[in-house]
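*Asks:* Read off the chains here:
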Amino acid sequence: MYSFLFYLILEICGVIFFLLSFSVIVLYLLIMILSALEMRDHRRKNRFADYQDIITSPIAPGVSILAPAYNEGENIVQNVKSLLSLHYGKFEVIIINDGSKDDTLSKLIGAFELEITDFAYFEEIDTATVRGIYKSKNRSFNRLVVIDKENGGKADALNAGINVSSKEILACIDVDCILSHESLTRMVRPFMEETNRKVIAVGGAIGIANNCDVQDGTVTNYRVPTTLLGRFQVIEYCRAFLMGRMAWTRVNGLMLISGAFGFFNRELVVEVGGYFPKTVGEDMELVVRMRRYMEERKIPYKVGFVPDPLCWTEVPEKEEILSRQRNRWIRGTIETLQLHRVTRLNPNYGIMGMISYPYWNIYEKMAPVLELLGVLYTLVLIIIGDFSAFYFIALFIVLYLLSILVSSFSILYEQVSYNNYKDKKDLNKLLLTIFLEPMFIHPKIVYWGLGGHWDFIKGKGGWGQMIRTGFKKSDDKKNIEPTTLNS
Amino acid sequence: MKGKSALILVFLLFSMIKTSEVFGQEKSFLSDSTSFVDFLIKQGEIPGLEFNLINAETGIALDSLLDPNSRFGLFSEYAKVLTIKDSLFQSDSVHAEVQFLIYKEANTFPASQEYVSNLLRNNDIEIKTQDTLNSKDLISLAYREQYTPSITGTYAYFGDFKIFAVTVIMSLFFVFAFSMILFMIIFKAKRNRREVLLASYDEQVVGPLSEILFDRSLEELESLSDDELHQNFPEKHLKKQLYKQVLVERILALNKKMKGDFKLKLKALYKRLKLDKATIEKLHSSKWDTVVTGLVEVNEMDLSEALKEVKKHVNSPNFHIRSQAVATVLNLSEHIDLSFLRDQAFPLSRWQQMNYLRIIKYLHSNRELNIENLFDSKNQSIRLFGYKLVRVIGRVDLLAHLDTKFVSVTDEEKIEIIKTFEYLAVPSHQELINSSLKSDNNQLVSMAARAAGVIGDKNSAKLILEILESEPGFRLKMILLKSLQGLDAELYSQFVAEHISQENQAINSHLSDPILQDV
Chain C
1 MYSFLFYLIL EICGVIFFLL SFSVIVLYLL IMILSALEMR DHRRKNRFAD YQDIITSPIA
61 PGVSILAPAY NEGENIVQNV KSLLSLHYGK FEVIIINDGS KDDTLSKLIG AFELEITDFA
121 YFEEIDTATV RGIYKSKNRS FNRLVVIDKE NGGKADALNA GINVSSKEIL ACIDVDCILS
181 HESLTRMVRP FMEETNRKVI AVGGAIGIAN NCDVQDGTVT NYRVPTTLLG RFQVIEYCRA
241 FLMGRMAWTR VNGLMLISGA FGFFNRELVV EVGGYFPKTV GEDMELVVRM RRYMEERKIP
301 YKVGFVPDPL CWTEVPEKEE ILSRQRNRWI RGTIETLQLH RVTRLNPNYG IMGMISYPYW
361 NIYEKMAPVL ELLGVLYTLV LIIIGDFSAF YFIALFIVLY LLSILVSSFS ILYEQVSYNN
421 YKDKKDLNKL LLTIFLEPMF IHPKIVYWGL GGHWDFIKGK GGWGQMIRTG FKKSDDKKNI
481 EPTTLNS
Chain U
488 MKGKSALILV FLLFSMIKTS EVFGQEKSFL SDSTSFVDFL IKQGEIPGLE FNLINAETGI
548 ALDSLLDPNS RFGLFSEYAK VLTIKDSLFQ SDSVHAEVQF LIYKEANTFP ASQEYVSNLL
608 RNNDIEIKTQ DTLNSKDLIS LAYREQYTPS ITGTYAYFGD FKIFAVTVIM SLFFVFAFSM
668 ILFMIIFKAK RNRREVLLAS YDEQVVGPLS EILFDRSLEE LESLSDDELH QNFPEKHLKK
728 QLYKQVLVER ILALNKKMKG DFKLKLKALY KRLKLDKATI EKLHSSKWDT VVTGLVEVNE
788 MDLSEALKEV KKHVNSPNFH IRSQAVATVL NLSEHIDLSF LRDQAFPLSR WQQMNYLRII
848 KYLHSNRELN IENLFDSKNQ SIRLFGYKLV RVIGRVDLLA HLDTKFVSVT DEEKIEIIKT
908 FEYLAVPSHQ ELINSSLKSD NNQLVSMAAR AAGVIGDKNS AKLILEILES EPGFRLKMIL
968 LKSLQGLDAE LYSQFVAEHI SQENQAINSH LSDPILQDV
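Heads up: the sequence lines are chains C and U, in that order.
Per my numbering, residue 1 is the first one in the first sequence, and the count goes up by one each step.
Per my numbering, residue 488 is the first one in the second sequence, and the count goes up by one each step.
There may be inaccurate statements among the hints.
[As the list claims (entries may be wrong)] The calculated DMTMM-like cross-link candidates involving lysine to aspartate or glutamate, where the alpha carbons are at most 20 angstroms apart (straight line), are:
{"no.": "1", "chain 1": "U", "residue 1": "Lys964", "chain 2": "C", "residue 2": "Asp53"}
{"no.": "2", "chain 1": "C", "residue 1": "Lys154", "chain 2": "C", "residue 2": "Asp118"}
{"no.": "3", "chain 1": "U", "residue 1": "Lys906", "chain 2": "C", "residue 2": "Asp426"}
{"no.": "4", "chain 1": "U", "residue 1": "Lys675", "chain 2": "C", "residue 2": "Glu194"}
{"no.": "5", "chain 1": "U", "residue 1": "Lys743", "chain 2": "C", "residue 2": "Asp50"}
{"no.": "6", "chain 1": "U", "residue 1": "Lys743", "chain 2": "U", "residue 2": "Glu787"}
{"no.": "7", "chain 1": "U", "residue 1": "Lys764", "chain 2": "U", "residue 2": "Glu787"}
{"no.": "8", "chain 1": "C", "residue 1": "Lys90", "chain 2": "U", "residue 2": "Glu909"}
{"no.": "9", "chain 1": "U", "residue 1": "Lys675", "chain 2": "C", "residue 2": "Asp426"}
{"no.": "10", "chain 1": "U", "residue 1": "Lys875", "chain 2": "C", "residue 2": "Glu194"}
{"no.": "11", "chain 1": "U", "residue 1": "Lys529", "chain 2": "U", "residue 2": "Glu544"}
{"no.": "12", "chain 1": "U", "residue 1": "Lys727", "chain 2": "U", "residue 2": "Glu709"}
{"no.": "13", "chain 1": "C", "residue 1": "Lys424", "chain 2": "U", "residue 2": "Glu682"}
{"no.": "14", "chain 1": "C", "residue 1": "Lys472", "chain 2": "C", "residue 2": "Glu296"}
{"no.": "15", "chain 1": "U", "residue 1": "Lys764", "chain 2": "U", "residue 2": "Glu698"}
{"no.": "16", "chain 1": "C", "residue 1": "Lys45", "chain 2": "U", "residue 2": "Glu787"}
Hint data in this document are derived by calculation from the structure and do not stem from the laboratory.
Work out the full structure: start from the sequences and follow the hints.
*Replies:* The structure is reproduced here in structure tokens:
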């Protein structure tokens, strides 16, 4: 009896793994096709766009750039100067000093001749205590606003920035990101183009600045990073931004906009209650909540994406830092999906509920767990002698080839669309990394992802009770007691 | 204890052994001589068993010559040896006996019987059943057949199918993945070659273009013969798409930067090289991006002869074609006003508005555009664009039109109209602002309050005070107080002094802070 059950379970597992492997293959092929179509359209549209007009047009929307800073004293002045020099007519730069323990604030005060003001700070969204709001008497820095507040985390800092912001569009960025001069004009375009749907948010692609030459706030000469981990992230970013997000944009199912470079409709952000500070995946959580808000009210909307290289960041090349980042990412994903589980396979939430959510649940959140189960299943098969070396090797080869196929495709996109890595040696290095990644880096990513799951189970970070309960409606976040929120 | 465990172990091992098979050694086949002989006759050849004929009296083997098919007097079939034995007796009265040989060794009848029994028991030989096929024998055969389960846990056929499927998928992926890499390498090489070619064409084009622009007059250019022209721009090159593309892009770029005579020369050259025909051809393409490219070229090179074709695209369902066609018509038409825009069915995006605005701002001073036509459009986005136009190009004369329309339009339009009044800061039409201050729509009240601060009157101040008394939200209160401060400073101070709350004090401090004047 037990033996029968055991073999039945094994058979079922076998079928599940077979279906999973098959679905992964089909999904990736679909993603490749959809992203290719979207990229083609984007490139065609870009040929005819004149971005010069936006800079001075009275019809263009204003942009509030929100950049939280925590212990950024070393580079803050240079970073803010770079932000102030962006080419755009109507914009303000809001730097939020999130209780830095270093000299971030004093450096800003000194460099930009800041003075504390009597700004009437109104908490549309609850935040940690704001100690003061600074502006410069010098007209050259008229666009700059600095908020000094108690430490409350990135989401809380952004919420304080939202409260102070006055423009129609919010550009939420990491202060250490390098933005192209054209970044605002290009990112604002999708907000201006739609006629039948409201554009609630627009995400941007992020490039990797490690080992590149930077001049006047723009990457002038691209080179691939020197380490394998760095090069792997170049491929990963190409896969994520040029393929994944482009494909999701095609079907209007994008659920994640990178926290390092995302643009949002301010009115809607305030309406849904701003960022949720008790999750480490605040960027994804906000997009999901905004989408839910629109779906619940049956308002046609769109989440856009601009794949042009407009923002660059330094990625971690040390395993220790990268592992922490991946752990945080997976926890953020779990928390967001947990908070919005009401949308799962719920037709009331359209594509998000029926496609995006299940995809994220199975292929992003559960991916490390499923891979671990796959390994355990194989071990069990070996132990009981039911292991088929043929199938194992065949499946391994298929998935290895799939990985090569997808990665090469994403690099091909980069080459077709932007051709940033002009040196043939760089391309060869990337190709070599594509071959090595599944064997030398992917297992580590899985391991770090499992760490994220484990930390979530242990209750690290996050907001246990609330995440367990979830948001029943998109505006539930607004109804949370501020004291609880800031605890 | 150890002994006991060993005993149990032995017992378990014993119970696990297929004892039935062990005991099966005792099972006898061909137990009597008759059945053995019958079996030998029916079976024919049996591996390892041969027969020989010997003289019964002398015991000497009879010669193999008796049967030409037997080797050295040995027979493999028992029936045959019996026949020969009988024939010897009948013909020569020779008493012969059958000798049994197992693997060439002479053996007794019982030993041979045992040997054959063993072969049967171990299934080393198949019993010939051809002559005796009937149901009874089938059952007995089936009984003798050892049991093997037909379902072994895996489906053999499906298993094969899986192998086939996996092999196919694997091969496909292998081909795809490596084709992708190969394609990428080829693509990169081709792209590099293309870039080199583009740079080379660009070099070839720049020289002659500069010469024509700076060394020749417009008349000289127009009077150039085809041969002279083709010396600079070789005919064989002009047939190449890439060369043509480089040339067009260069001319367009120069045309954007140049003015006066240079522009005319570029246009003349464009036509002399028959690039205008290629441009007009593009307007008929089924690909939207080619059509838009054609429209851009028509617009940049002022190809007014293509206007008729361009107008066909003004109401195109494709956003990009429509936008570019409208821009081109606005730019190139000498007499056209904005009525064609009024009749557009598709909503105007802000992107389109921005593009049209740039052109209209440039055109309005020397052409009668009849902006007021847009106020009567059935399309709300066009009406809103019309109000914005009044504001941006400063058509104060149209404010009266807007005032008349104000009562019958939606709140969204009212906001846009008030914004226009505020922007142009003409101190009239206060009734329109004051009536909006009484609205239930918060956004409209906010806009009206903002405008009241610039062009309001005493009634506006009174209305603002009334709203302030009703404790509005923070954002609206701030706008109201700011407007009140601008309208009547005394009234403002009085209100702040009489309504002491943390919120009012904060707003008051904010509004009084000189650094925050623009925030």
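*Asks:* Work down the list of hints and note, for each, if the structure agrees.
*Replies:* Against the structure, the hints come out as follows:
For a cut-off of 20 angstroms, the pair hint linking Lys964 of chain U to Asp53 of chain C is broken: about 35 angstroms separates their Cα positions. In summary, the hint linking Lys154 of chain C to Asp118 of chain C is not supported, as the alpha carbons are separated by about 24 angstroms, beyond the 20 angstroms threshold. About 54 angstroms separates the Cα atoms of Lys906 of chain U and Asp426 of chain C, which puts this hinted pair outside 20 angstroms; it is violated. With a C-alpha separation of about 35 angstroms, the suggested pairing of Lys675 of chain U with Glu194 of chain C is violated against the 20 angstroms cut-off.
Under the criterion of a C-alpha separation no larger than 20 angstroms, the hint pairing Lys743 of chain U with Asp50 of chain C is consistent with the structure, at around 13 angstroms. This hinted pair checks out: Lys743 of chain U and Glu787 of chain U have alpha carbons roughly 7 angstroms apart, not beyond 20 angstroms. Pair hint Lys764 of chain U plus Glu787 of chain U holds up; C-alpha atoms about 15 angstroms apart against a cutoff of 20 angstroms. At roughly 19 angstroms between alpha-carbon atoms, Lys90 of chain C and Glu909 of chain U fall within 20 angstroms of each other, so this suggested pair holds.
Straight-line distance between C-alpha atoms of Lys675 of chain U and Asp426 of chain C comes to about 12 angstroms, which keeps the hinted pair within the 20 angstroms bound. A C-alpha spacing of about 18 angstroms is found between Lys875 of chain U and Glu194 of chain C, which places the hinted pair at or below 20 angstroms, so the restraint holds. With a C-alpha separation of about 29 angstroms, the suggested pairing of Lys529 of chain U with Glu544 of chain U is violated against the 20 angstroms cut-off. At most 20 angstroms may separate the alpha-carbon atoms for a hinted pair to count; Lys727 of chain U and Glu709 of chain U exceed this at roughly 24 angstroms.
For the proposed pair Lys424 of chain C and Glu682 of chain U, the alpha carbon gap of about 14 angstroms is at most 20 angstroms, so the pair holds. For a cut-off of 20 angstroms, the pair hint linking Lys472 of chain C to Glu296 of chain C stands: about 11 angstroms separates their Cα positions. Between the alpha carbons of Lys764 of chain U and Glu698 of chain U the distance comes to roughly 24 angstroms, so the proposed pair goes past 20 angstroms and is violated. Proximity of Lys45 of chain C to Glu787 of chain U is assessed by CA-CA distance (about 18 angstroms); at most 20 angstroms being required, the pair is judged to hold.
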